[in-house]
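Trainee: Chain A is fixed; fit chain B with the ligand onto it per the hints.
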Amino acid sequence: MVALVTGGGKGLGLVIAEHLLSNGATVVVVDRDRDALDALPTSVFGKCLDVTQPEEARTVVASVVKEHGRIDVLVNNAGVIYNEPLVNIMKPEGIMHDYGRFREAVTVNLDSVFIMTCAVVEQMVLLRTKGVIVNISSISACGNEGQTAYAAAKAGVNAMTVTWSKELGRCGIRCNAVAPGFIGTESTHQALSVDSIKHILQNTPLGRLGKAQEVAQAVATVIENEFINGVILDVNGGLVI
Amino acid sequence: MDKRLALILSEVFRLKEKEINIALTKADVGSWDSLKQMDLVLTLEREYNILLTIPDILRMVSVAGIVDVLREKGVALED
Ligand SMILES: NC(=O)c1ccc[n+]([C@@H]2O[C@H](COP(=O)([O-])OP(=O)(O)OC[C@H]3O[C@@H](n4cnc5c(N)ncnc54)[C@H](O)[C@@H]3O)[C@@H](O)[C@H]2O)c1
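Protein chains in written order, with full-length UniProt numbering: chain A, 1 to 241; chain B, 1 to 79.
If you are wondering where the hints come from, they were derived from the structure by calculation, not from laboratory data.
Don't be surprised by glycine CBs; every beta carbon is placed ideally from N, CA and C.
Certain hints may be false.
Pulled a few chain A residues facing chain B out of the computed Cβ check, cut under 7 angstroms [to be verified]:
hint	residue
1	Pro85
2	Asn88
3	Ala191
4	Ser193
5	Val194
6	Asp195
With the rest of the complex left out, here is chain A (with noise of 0.2 angstroms):
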């Protein structure tokens, strides 16, 4: 099985690479961090990428797939968590949602997954691979305070699993996601005070943190059982918000 992970030079996607690693895959990972490509395990191969780049992706993939035969596994995880409030009255310079951050929140979190879906799909049609996308999504989809752009990216993100999962079931292909609540990574704590993770915590029935190993674990499952095709599985220790 040759899988590539998008985002994969830290936090989740890393884990994630690492995890379908061990269990037996050929594992490729894209990321635009050269510094993080640099400190992959040397098992992993690497190749820079920003994802939000059609032409580029297109390439990239092309070279994947000339390399190590095929792509069975497509993990759409590159992304960025962006916080911003609709109305934000302590912003001098004009209390409303800057349009080119939205522009850029929604470029990195859903245009991505639509670019590089579109190069690896175009590999698996033309080789008859029957593979998987699995995307990351998030808890927020669902809409969550001070995160406009974030939430409703990840919400074209699920709406677009449904409907790839819709029409690519005849070419054998599936599609999934995995939409984590609150994950005890770096990115988390840089994009959360100390206050919000204590309310995350008393509102959350496990009452921890997931561990990125539980993000990695819900990929592999959504990959291996091949009847699993349109789910968004949430791991988020039963938290609503």
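Mentor: Just chain B with the ligand now, with coordinates in the frame of chain A:
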């Protein structure tokens, strides 16, 4: 510290009333983000029947700043 104001602030920021003092600033209160600032403004406007402008709101980043703005709006507050 004015009792009514201390109660309002403790409810908005989910702090104990005894934790509210005149030296407290936005930097000391983890939950004091822009959304909480909006809650604060709406609560103060409702409670004291006043209207706060953006320049007022930008000064309200400490309990002392809030007290100054409220007094300028004619709100009588205990020391
Ligand atoms: N950490 C969490 O608690 C959490 C919760 C829910 C969803 N998620 C989602 O999980 C995914 C990974 O999050 P993370 O917390 O590991 O983030 P992270 O910031 O730790 O890692 C993201 C990786 O993606 C790469 N990346 C970002 N933009 C890129 C681009 N345009 N092109 C190529 N690479 C790019 C970064 O360089 C980085 O290596 C994201 O989609 C995020 O929305 C995370």
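Trainee: Next step is simple, just say for each hint if it's right about the structure.
Mentor: How the hints compare with the structure:
With a least beta-carbon distance of about 6 angstroms to chain B, the hint placing proline 85 of chain A at the interface is held under the 7 angstroms criterion. The beta carbon of asparagine 88 of chain A comes within 4 angstroms of a beta carbon in chain B, closer than 7 angstroms, and the hint placing it at the interface holds. The closest approach between the C-beta of alanine 191 of chain A and any C-beta of chain B is roughly 12 angstroms, which is over the 7 angstroms cut-off, so the hint fails. Satisfaction of the interface hint for serine 193 of chain A is found here, the shortest Cβ-Cβ separation to chain B being roughly 5 angstroms, below the 7 angstroms cut-off.
Evaluation of the valine 194 of chain A hint against chain B yields a held restraint, the C-beta minimum of about 6 angstroms falling below 7 angstroms. A least Cβ separation of about 3 angstroms between aspartate 195 of chain A and chain B falls short of the 7 angstroms threshold, and the interface hint therefore holds.
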